[in-house]
Amino acid sequence: MIAQLLAAAVALTTAQAPRAAAPSVSLPFPSGDVQTYNIIQWDPNQLPRIYERSDQLPLTDEELTKLSQAGFEPAQLVKMIEERRCACDASADGLIRLKKAGVDKTVLAAVSRHGLAPNRQLDILVTLDFTGESRTAREAFLYFFVDDGDITRVFSANLPELLQRRNSHETMVDRSDIMVARTVRRIQLAGHVPLKTYGAHRVMVAASASPTLTHPSQLTPQERAKAQTYSFDYPRASLQSLCRLTAGYRRDAVLAYKWNFEGSRFECEWN
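Numbered according to mature numbering (1 follows the signal peptide of the UniProt record, and there is no 0), the sequence shown spans residues -20 to -1, 1 to 251.
Quick caveat, the hints were computed from the structure, so don't treat them as lab data.
All C-beta atoms, glycine included, are put in the ideal place defined by N, C-alpha and C.
Any given hint could turn out to be false.
Claimed, not checked - Quick list of the computed label-pair ranges, beta carbon to beta carbon:
{"#": "1", "residue 1": "Arg115", "residue 2": "Gln198", "range": "25 to 31 Å"}
{"#": "2", "residue 1": "Thr116", "residue 2": "Pro174", "range": "20 to 26 Å"}
{"#": "3", "residue 1": "Ile76", "residue 2": "Thr151", "range": "50 to 56 Å"}
{"#": "4", "residue 1": "Thr116", "residue 2": "Thr177", "range": "52 to 58 Å"}
{"#": "5", "residue 1": "Gln49", "residue 2": "Val153", "range": "52 to 58 Å"}
{"#": "6", "residue 1": "Ala89", "residue 2": "Lys46", "range": "16 to 22 Å"}
{"#": "7", "residue 1": "Gly12", "residue 2": "Arg115", "range": "38 to 44 Å"}
{"#": "8", "residue 1": "His149", "residue 2": "Asp13", "range": "48 to 54 Å"}
{"#": "9", "residue 1": "His149", "residue 2": "Thr177", "range": "26 to 32 Å"}
{"#": "10", "residue 1": "Ile76", "residue 2": "Ala50", "range": "20 to 26 Å"}
{"#": "11", "residue 1": "Glu150", "residue 2": "Ala50", "range": "31 to 37 Å"}
{"#": "12", "residue 1": "Arg166", "residue 2": "Glu62", "range": "31 to 37 Å"}
{"#": "13", "residue 1": "Leu37", "residue 2": "Gln144", "range": "20 to 26 Å"}
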């Protein structure tokens, strides 16, 4: 298994303040093209099957280069690739780098034939937890922004619409203990995040009263203070690319019919 796990959790509560013009700030997201997605149309049934973990990890570019320079015969390396596959860069540039590193042409052919297909998107499971008996959210829209080279991808959920309907994957979770009874309404959505660039990416999760945000810079100072930013390293190839985003809401102490955004958690796993 090739796996990477990134996780963080933040829980903040801030009273809603009157909307003010957001100051001009530098944020880690491009200011060029924007693509938007409505995540409440997602369905967890879209998630791919989970691959069984194996003790025999796929080979990488670095491992192939190291084995080749250590004197392993090309036929041995080809056999390894056939048995274990190769999470290698089989693009023209990737094959050129391997050739310059001294990897035999028969091994390059095996990389091209048996290498994992390059990732084009990551699968994401979104879990929304609403704790307490309320009816709507104080900030009506949940956003998460993903930077992708010169594009900012904007994913949003209209929470009033989501909460007013019966969702395909919705459960009531009892988290009661001896002292405190807590009922959690849990809604799960699943979809895909198209990504055209590999390597480091950033995600910002935020709650907002605005239905038309297209960039994190449009968040108010209060909304930005409650937002969380995460980073992940997107591999060029993997058997599975799965990220999980959990957002938590809790009943307002004063306005009992409203939920407040409490924070989020984001983690990714590459197999």
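The hints, checked one at a time:
1. Arg115 / Gln198: 25 to 31 Å: holds (27 Å)
2. Thr116 / Pro174: 20 to 26 Å: violated (31 Å)
3. Ile76 / Thr151: 50 to 56 Å: Roughly 51 Å apart at Cβ, these two residues keep to the hinted range, so it holds.
4. Thr116 / Thr177: 52 to 58 Å: violated (37 Å)
5. Gln49 / Val153: 52 to 58 Å: Since the Cβ atoms of Gln49 and Val153 sit about 54 Å apart, the hinted range of 52 to 58 Å holds.
6. Ala89 / Lys46: 16 to 22 Å: holds (19 Å)
7. Gly12 / Arg115: 38 to 44 Å: holds (39 Å)
8. His149 / Asp13: 48 to 54 Å: Given about 32 Å between the Cβ atoms, the range is violated.
9. His149 / Thr177: 26 to 32 Å: holds (31 Å)
10. Ile76 / Ala50: 20 to 26 Å: holds (21 Å)
11. Glu150 / Ala50: 31 to 37 Å: violated (55 Å)
12. Arg166 / Glu62: 31 to 37 Å: Check failed, 44 Å falls outside 31 to 37 Å.
13. Leu37 / Gln144: 20 to 26 Å: Check failed, 47 Å falls outside 20 to 26 Å.
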